[in-house]
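Novice: Taken in sequence, the protein lines are chains W and X.
Take the first sequence: its letter number 37 is residue 47 in our numbering, and every next letter is one higher.
Take the second sequence: its letter number 34 is residue 645 in our numbering, and every next letter is one higher.
If you're looking for bench data, these hints aren't it; they were derived computationally from the structure.
One should not assume that every hint holds.
Stated by the list, open to error - Sample of chain W residues facing chain X (criterion: CB under 7 angstroms; computed from the structure):
no., residue
1, 37
2, 56
3, 155
4, 172
5, 174
6, 255
7, 259
8, 260
9, 288
10, 312
11, 315
12, 316
Everything numeric in this text was worked out from a predicted model, so none of it was measured.
Glycine included, every Cβ here is placed at the ideal spot set by N, Cα and C.
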Amino acid sequence: MPVEPAPPLREGGQRIRQWSKRESYEGIAFVLPALIVLGIFLIYPAYFTIRLAFYEGDFRFNFFHYIGIDNFKELLTNDPDFLDLSKFPPGGALINNLRWVIFYIGLSLTIGLALAVLAVRVRYERAVKTAIFVPMAIAATAVGVIWLFVYSPDPDIGILNAVLHGADGGFKPIAWLGRPSFVNYALIFAYVWASVGFVMVVLTAAIKGIPADVMEAARVDGAGEWAIFRRIMLPMLSLPLSVVTIWLFINVIKVFDIIYVMTGGGPGTSSRVIAFTMYEETFHNGRPGYGAAVAVIMLVLIAPVMILNVRRFRSERVVA
Amino acid sequence: MSTVDQAVPLTARTRSERLIGFLTRTPIHIALITIAVIWLVPTVGLAITSFRQPQDIATSGWWHAFTQWDWTLHNYGSVIHATGMGHAWVNSLIITVPATILPLTLGALAAFGFAWVPFPFRDTLFLIIIALMIVPIQTSLVPLLKLFAEHGGLNKGYWGIWLAHTAFGLPLAVFLLRNFFITLPKDLIEAARMDGASNMSIFRRVVVPLSVPALASFGIFQFLWVWNDLLMALIFVSDPDKQPMTVRIPYLLSTYGQEYNLLAAAAFLLMAVPLVVFFALQRYFVTGLLAGSVKS
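With the rest of the complex left out, here is chain W (with noise of 0.2 angstroms):
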């Protein structure tokens, strides 16, 4: 442990940085105004959130009604909308949401890192990496209205269709954001373009930091280029790829912007997720309650996340 040098002293032995209550006040007086913004306009929201989720709620946002756990209980039994395991394969904007966690995080880990194990070996990596972090930049709106685009049924307008119609002459333009069956994995894929460049930035930065000699060793020792990838790689970057799966996770709890440009939860409710039923039951089924129930299993499922973050805060400053 590095000694730390001593406070310098004053005369009379008494260390500067003495506890004064004069101190005390200022330090206050620094973090009050951040405080009271904070406490009005976020945690004292999620409060109101919290009571509303077990109150019907009326269209000025009145606690209205006391009805317990009947929003929980509606949600996860008898909306369709939001979970419907009756058929298979089961639906609703959870189940869809869970599609992405799987499907989003997959395909922007797995895209991610590719990119980044073979960028470091070229010499024009930072242009690589400027394609593929460029969307990262933009609104969702506009990898929306992008994506529209590529997704179009129009072979005129639509390069993903014209590109297989392309290839195979007797290919039917498919209207890839209006079959329930596509729709998700469309929607998914579009976010995963505009995520994939924050995974590659992480994940090369972390690999430049493996020590050369280390692979350098195995590569003496005749192991190959998978092996060493498996063996010493992937264990070394498990700290980043932890990071960058929380961040991909926290994204996918919250993902809103691309939906309602996109597809606005359609066709009918097949692309909703938790999220978007939250606006949707809130700002258009006039059920704030409702709706705040559904914020309140966001924010459940977000309550780990905020955990792990301040359980790891606390340990490196116990290592520091």
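Following the hints, put chain X in place on chain W, whose structure we already have.
Specialist: Relative to the frame of chain W, chain X by itself:
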């Protein structure tokens, strides 16, 4: 390069070895370049569509634009004036600038307190702020809208959205800036204290000038976050004349859904600002984004 080759002749390779090296790397080049091109195509397609004549768009794909050279700026003129997108672009800016400066200022002050001025319960409060970093916006929409509507109609102007974005940007600002401030040399702060400088003047004269990279990283992250936000603007800016581009473009979609030239131009106008920020300030942008990865 050549000096290295001369200095280490042992590593110089024969022509056939180089050829083998090149051939084994060819799949890597092909894979990388293919993916990079696939990633660029959607954006390039939108950009090209925005510069084409409406009748060309209707009759041939944008990939024919290179052979039918008939580009125009007309779409931008129509979308800015006829559909009010110019106005919405200005609204986006009016929303974004204060919603960046407010959390930056409050966040920097609080971060300084957390880093350098001890006070009771400091660590507990900081842990609470870390936990607040990923609270979903959805838990605030209804109560904030109610609050804004019942207290002076803050959702009719810009104050509602400014305050909401400030609250949602603050935890990240405090977290990032406090972690940066705490790495500043302790001796420097102590020396200023010995000279009788007040905490406020230490903050202004020592901490802020030394922390420009961190302040810039958060500022850029927040600027893009607010500029790109749809959901909060949808709820907290109720006056159509004050709505930003992210909200107006979906309206454009529902009213001009088949006028691809207008849609493409509008989307490109929305993208232009983040792209300029991205290419001009790439370094800060990436650090800010990496640091902001704890948010979303």
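Novice: Run every hint past the structure and note whether it holds.
Specialist: Hint by hint, here is what the structure shows:
no.: 1; hint: 37; result: holds (3 angstroms)
no.: 2; hint: 56; result: holds (5 angstroms)
no.: 3; hint: 155; result: holds (4 angstroms)
no.: 4; hint: 172; result: holds (5 angstroms)
no.: 5; hint: 174; result: violated (13 angstroms)
no.: 6; hint: 255; result: violated (11 angstroms)
no.: 7; hint: 259; result: violated (9 angstroms)
no.: 8; hint: 260; result: holds (4 angstroms)
no.: 9; hint: 288; result: holds (5 angstroms)
no.: 10; hint: 312; result: holds (6 angstroms)
no.: 11; hint: 315; result: holds (6 angstroms)
no.: 12; hint: 316; result: holds (5 angstroms)
When each numbered hint is compared with the structure, violations occur for hints 5, 6 and 7.
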